[in-house]
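Here is how the chains run, residue by residue.
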Amino acid sequence: MKMETKHFGFIIILIFLSASIAHSQALVLHHQSGSIDIIAEDFTDEMLTTVQTSRILDGKEKTELWVGIFLEHLLEAHTIAAYDEIIFTADDGYQVRLSRQEVNSHTCLLALRKDNQDLASFRLVIPTLREMYWIAELSYIDVVEDTMLMDPNILFSAENILKSLPLIIHPLSYSRQKAYLFRRLIIDYLPYTSGEYILKGSDGLERRLDYQSYLKNALVIPHEDGSYDLISPDMPAGMWIKNIAYFQNKAHGIAYFFPNAFSSYEHFSQITGLDFHDTKTEAFTNSGKLLDKANDWLNLNELKKIRIIK
Amino acid sequence: MIKILLLAFLLYGCSTAEIELSGNIANPATISSEGRLDSILTSYRSEAAFLIAADGTAAYLPASSYPYLYLYKSDGEFHAQSDSLPAFCNLKNISEISLYSPAPSYSLSVLQGNQSSEIYTPFSARLAEFRLLGASSRYGNYASKYESSSPFRLPALEDSILTLTNDGKYIWYDRTDFSHAFSLQSNHFKLEADTLIAIWQNPPQQDIFSLHNTIDTYPSPLLVIIIDSYGHIYHQHLAALGEKNYLHDLDVQPLRSAYPPKSRYNIWALGSGDRLQNRNEARELFNFTTFENSVFLGGAIRLFAKEIEFVSAIDTLRYNDYAIFRQAAERIHSDKYDLIFVHFVSIDEAGHDHGAYSIERLEQTKLVTSYIEELVKLWNGDVLFVSDHGMHDKDGKGTHFRAIDEDIIGIWGMIK
Chain A
1 MKMETKHFGF
11 IIILIFLSAS
21 IAHSQALVLH
31 HQSGSIDIIA
41 EDFTDEMLTT
51 VQTSRILDGK
61 EKTELWVGIF
71 LEHLLEAHTI
81 AAYDEIIFTA
91 DDGYQVRLSR
101 QEVNSHTCLL
111 ALRKDNQDLA
121 SFRLVIPTLR
131 EMYWIAELSY
141 IDVVEDTMLM
151 DPNILFSAEN
161 ILKSLPLIIH
171 PLSYSRQKAY
181 LFRRLIIDYL
191 PYTSGEYILK
201 GSDGLERRLD
211 YQSYLKNALV
221 IPHEDGSYDL
231 ISPDMPAGMW
241 IKNIAYFQNK
251 AHGIAYFFPN
261 AFSSYEHFSQ
271 ITGLDFHDTK
281 TEAFTNSGKL
291 LDKANDWLNL
301 NELKKIRIIK
Chain B
1 MIKILLLAFL
11 LYGCSTAEIE
21 LSGNIANPAT
31 ISSEGRLDSI
41 LTSYRSEAAF
51 LIAADGTAAY
61 LPASSYPYLY
71 LYKSDGEFHA
81 QSDSLPAFCN
91 LKNISEISLY
101 SPAPSYSLSV
111 LQGNQSSEIY
121 TPFSARLAEF
131 RLLGASSRYG
141 NYASKYESSS
151 PFRLPALEDS
161 ILTLTNDGKY
171 IWYDRTDFSH
181 AFSLQSNHFK
191 LEADTLIAIW
201 QNPPQQDIFS
211 LHNTIDTYPS
221 PLLVIIIDSY
231 GHIYHQHLAA
241 LGEKNYLHDL
251 DVQPLRSAYP
261 PKSRYNIWAL
271 GSGDRLQNRN
281 EARELFNFTT
291 FENSVFLGGA
301 IRLFAKEIEF
311 VSAIDTLRYN
321 DYAIFRQAAE
331 RIHSDKYDLI
341 FVHFVSIDEA
351 GHDHGAYSIE
361 RLEQTKLVTS
371 YIEELVKLWN
381 GDVLFVSDHG
391 MHDKDGKGTH
401 FRAIDEDIIG
411 IWGMIK
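Chains as they are written, first to last, in the numbering used here: chain A, 1 to 310; chain B, 1 to 416.
In case anyone wonders, no lab produced these hints; they're calculated from the structure.
Incorrect hints may have been included.
Taking lysine-lysine pairs in the DSS-like style, the calculated list, with each CA pair at most 27 Å apart, reads [as the list claims (entries may be wrong)]:
| no. | chain 1 | residue 1 | chain 2 | residue 2 |
| --- | --- | --- | --- | --- |
| 1 | B | K92 | A | K60 |
| 2 | A | K305 | B | K394 |
| 3 | A | K178 | B | K92 |
| 4 | A | K216 | B | K92 |
Take the sequences, apply the hints, and build the full model.
See the structure below:
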């Protein structure tokens, strides 16, 4: 189960090359405002850099010299500054994802030449990361402002679950207000609790919060009008979500909704991005009845679970 | 020579490549046949699968994506192929598939005693050994890509930890010894040779086993009231609801129950000071020698020896705690007994029938605690009250068998 770690050493030699790149290696750089075709000929000599790497292959140290453009320089050249993640895709579909933090903490070179030989296409070289990140035949770079959210395939009525949970005295309140523990709401229904969650309020306000940092000790506060607030001692009051409507762990397709937070089916669709009219669903009611569609707003309040079938 | 080479080739070509099945499954298993993932996993109820390749890369698939992944053998190894899933699902040399089921056969609770426990399953623990690289979709089929990171570790633990294994054994460990004895196995958590199911951080000081000795050595007449299923979390829940009862006026302390948190195991612990798993048929239960005349009223749990008068007939009807209350009041009036056990069961019955947090259970609690208040007034002596376990809700019905706060923390207290 434990992976062997390879150690790389690298030296960046800032040589401004005069040599030209013979082949027209190309890739597509995609970001929020559109796609840009990147071809090697566009790079001036001043933009190119040489990076020397050394790695252990078959017990022997192998030194390689790469010529290319730093990713950060490419992004700067196209005035791309705001992003959360970059997805690198090769011709064969192989993908590597790097968060903004990872991009900032590693040197990422889009190499065009190796040991004085032109490469057939761009290659991603990250000397401080394992070879699995060194994508050959790099053809697509997607600069995304948000990591992909998996579409939900099961929705639970959070209110329904809360009915079966114990209340505690709200530990942050002086008025002995009652509260549910957020972790109890999710712990029996998710494959794992860690990771980032998308949470939405009835007013459309969206927050992306990490479980360990913000949600582990969060509370769900019930109100007499049927609404719920999500608060946490681990976040400032300005981040609390009034009248929470929907939340989902980003990495898997299980989501929760609060029926009372929606004024209509259209409101539900607007907030959740889901529309059951064109989707095959199975819906389970509180009484255990199985409905073959969950597109009737009148019964949404009665539903315990909705399974979306592709 | 040619024959030997041919045989070697055949053995290599037809080698019994296998994939280990792990995670939230009852028994570890292996896959040795090719086919679509949904067909291969048809006998395992799972909602997600985590496919792990020998090189440390891995893919997480919801069950809806199973039909789109094909497992095949080549050169003595298993590989995955799909034209409808993200390309990273085409893993080479798959060594393990960990399965997620919402009802794991084994789990590990890290209990704090206040609902803030964490529950780990073999699946979630295995997944925690990997780092999420991102999610992707193809033709509407989603999958997440992972890479191997570091071995599963529990969060920071106290210096001294109380462990609970699935045979009901409680053992204290110091943190260092525990970390050496603990390991994640294919489908369970192991502590030395046992299956670990819970770790208590700062557990309740009192356990139900030692209450046996408290009763046995009690210097004066004693009324023992057993409130079936009235857990400490439920007690706090009622306070949060504003539905306080007589017990909320008393000094109520949490009590560590015997595992599994079921009446049979806990009444045995109270009557013997030992685990039901150590059962010895010849053992005399409820044989409290310091008392001359004892009676046990209620409870259909047939564990008792002859040394105590056991009145169970009154408990043959459900929701019959009023009859138990009347019998107890009569025994107290008779002035004949110096040790009386009264076992009220209707809070448990209402929970099983209507839900752990149902109105019906709340109403039954009000009734039973009013009986308790009356008996305390009638009894001329000290009173020990104790609950055998708690209860949690599952699909609208109450149940209690898990090593979770709601089930395994009872209450106790003395009224002097």
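Quick rundown of the hints versus the structure:
{"no.": "1", "hint": "K92(B) with K60(A)", "in the structure": "holds (25 Å)"}
{"no.": "2", "hint": "K305(A) with K394(B)", "in the structure": "holds (14 Å)"}
{"no.": "3", "hint": "K178(A) with K92(B)", "in the structure": "violated (52 Å)"}
{"no.": "4", "hint": "K216(A) with K92(B)", "in the structure": "violated (36 Å)"}
Checked against the numbered hints given earlier, the structure breaks hints 3, 4 and satisfies all the rest.
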